[in-house]
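Asks: Quick mapping for you: the protein sequence lines, in order, are chains U and F.
Here the first sequence is numbered in UniProt numbering, starting from 1 and rising by one per residue.
Here the second sequence is numbered in UniProt numbering, starting from 1 and rising by one per residue.
Bear in mind the hints are in silico, worked out from the structure with no lab data behind them.
Among the clues, some could well be false.
Note: identical chains are not told apart, hence a pair may lie in one copy or across any two.
[What the hints assert, rightly or not] Cross-link-like lysine to aspartate or glutamate pairs, in silico, EDC-like; alpha carbons within 20 Å at most:
1) Lys265 <-> Glu295
2) Lys254 <-> Glu122
3) Lys61 <-> Glu25
4) Lys76 <-> Glu327
5) Lys254 <-> Glu295
6) Lys79 <-> Asp93
Protein chains: 2
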Amino acid sequence: MTKIRLNDTTLRDGSHAVRHQYTEEQVRKVVRALDDAGVEMMEVSHGDGLGGSTFNYGFSKTNEMDLISAAVDEAKNTKIAFLCLPGVGSAEDMEEATKRGARACRIATHSTEADVSIQHFEKARELGLETGGFLMLSHRLDPAGLAKQARIMVDAGCQCVFVVDSAGYLIGQEAADRVKAVYEEIGGEAQVGFHGHQNLGFGVANSLLAVQNGATQIDGTLYGLGAGAGNAPIEVLATVFERRGIDFGDVNVKAVQDAAEDVLKPMVSRLPMMDRGSIVQGQVGVYNSFLLHAERASERYGVPAQEILAEVGRRGYVGGQEDMIIEVALALQGQN
Amino acid sequence: MTKIRLNDTTLRDGSHAVRHQYTEEQVRKVVRALDDAGVEMMEVSHGDGLGGSTFNYGFSKTNEMDLISAAVDEAKNTKIAFLCLPGVGSAEDMEEATKRGARACRIATHSTEADVSIQHFEKARELGLETGGFLMLSHRLDPAGLAKQARIMVDAGCQCVFVVDSAGYLIGQEAADRVKAVYEEIGGEAQVGFHGHQNLGFGVANSLLAVQNGATQIDGTLYGLGAGAGNAPIEVLATVFERRGIDFGDVNVKAVQDAAEDVLKPMVSRLPMMDRGSIVQGQVGVYNSFLLHAERASERYGVPAQEILAEVGRRGYVGGQEDMIIEVALALQGQN
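Chain U extracted, bound-state conformation:
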């Protein structure tokens, strides 16, 4: 049986849910707990990847390079990874993160724009990093189109292409078909991964389907902490995979459950949930990290967040267009 790797992205995707306010001590606690639990890879960066600490995406409380250093210092076995979006994170950022001890990277692009990742993969290979590629908002392409984009990443040096359901939009078969198509295109040459969100309640179910359709890397976060309705909770993934007899290495299920409850939960004041805003994101396919931006705009401009998100969906905005949220709020305000 193929071995599956459970990746934890509490300290990257989860960063959205805490508005990028992680402290070094929090990062150390999470790494210690999951390293002890046998989790083999953990991603640490600003929620929007290296260089994300900006006015547009929201400023980090702590320099992400210091968080990476802390994570590397704390990790005994787990590999520390970072996320990088071309146009946000630079080659210099990648060098610095590698200098701090990161050993894997994930290069993320909108699902139709894999070609902008080519130089970053070259850089990553030059730095000796394990490479992953994120095809974000992957519901925007049909399975065949997504497979073509995956091919571009693999040809550039990507070792695992992730079908990333950034809006929690995919429902069961819609996720399975995409994973299968990507697997058929790149399987044998590179791995396939899946990164699920909970907006329509399919984070865990889609992850299981992904494994059944060829994925060998699955992302999760403690308590599902993450953008929008949150990610597939890693403690639930571990519990489900164990029941289904899936080999996911030496991860201790109970230790992961305990890490969620005893380590992560006490540090977070607001856990993500399937609330109206995030359900609408899943319904119309809006990038999950827009949720808190839309809520802030809602407070400021007196327009319901779910209406802002629905309009953002109609306009088809993608990651990087956070600044347009305010424009949408203003336009809706004008209509009311």
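Let chain U serve as the given structure and place chain F on it in line with the hints.
Replies: Same frame as chain U, but now just chain F:
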């Protein structure tokens, strides 16, 4: 295409999550919102069904018959149902609920004990009620065994047998196989229903699979309010079913989303979630309404709730054995 009926059980299964403290005004608000949204059936009773307001199950704040009356008074189109567990609710309770205006009932037994429901179905038909049958903890039987129990209910006069995943234990295919087997046994004579919980994150996914395997009644609750990790959220079910082109009558998806956010959420201080206790329930198959009982015993006896629940799972207790939770806590306390 077959029409699916979405049933709401916020005011019955959801009652567990508020420790049976619903007021008449709260019931009216929820019924008004979901009646306006086009939901065709709503269940109103103590969480453990008629007569559940006891020391063993927890006392209701308001007499459930008065809650049923209020719901009936408020409902313009939606049919008000009640739950009844043989041995807890009596024939007299059923008569009284019918007198108050309830027009449907659901008779619930442990999955292996459908035969104890026979007299209750006879009574229900005599009272002119629509009938549903709940096979609780349905993971405890294989599909073929469950189908045999469903047959007993149908022969007694049950019009819809529900595969009830009372522990949120079932994972995808495990739910689909049970619905399919029940459908093959009773389809054409009676309907099949599915009642999902979220413990392992499969409440919505299993409900969709249930529809794809013959179920025509699906239970949900606003915001997933319910025992354990909560139920499949009805606003998410509606959103997902709409995308999949499923006919679920004239239910207005946006109105259900709004009811969850604007009506239900403000009245609840603690929403159910996939926390450690409820994940363990799904992992080992413990009746969901045991969660708050175990948490109370945990506080009183100083034993972790998840350990109590795991031991309850090992001992195989079923609904009605709430009093044994304290015994388990005492036994674990003795070991520490």
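Asks: Cα distance capped at 20 Å. Does Lys61 pair with Glu25 within a copy, between copies, both, or neither?
Replies: within (12 Å within a copy, 44 Å between copies)
Asks: Could you place Lys265 and Glu295 in one of the four classes (within, between, both, neither) given a Cα distance threshold of 20 Å?
Replies: Answer is between: at 17 Å across copies they meet the 20 Å cutoff, but 22 Å inside does not.
Asks: Go through the copies and call it for Lys254 and Glu295: within, between, both or neither, with a Cα cutoff of 20 Å.
Replies: between (35 Å within a copy, 18 Å between copies)
Asks: When no copy is specified for Lys76 and Glu327, does a C-alpha distance of 20 Å or less occur within a copy, between copies, both, or neither?
Replies: Result: close neither inside a copy nor across copies, 46 Å intra and 42 Å inter.
Asks: Within, between, both or neither: how does the pair Lys254, Glu122 come out at a Cα-Cα threshold of 20 Å?
Replies: Classified as neither; 39 Å inside a copy, 47 Å across copies.
Asks: Is the C-alpha distance from Lys79 to Asp93 at most 20 Å within one copy, between copies, in both cases, or in neither?
Replies: Answer is within; shortest intra-copy Cα gap is 18 Å, inter-copy 61 Å.
Comparing the model with each earlier hint shows violations of hints 2, 4; every other hint is respected.
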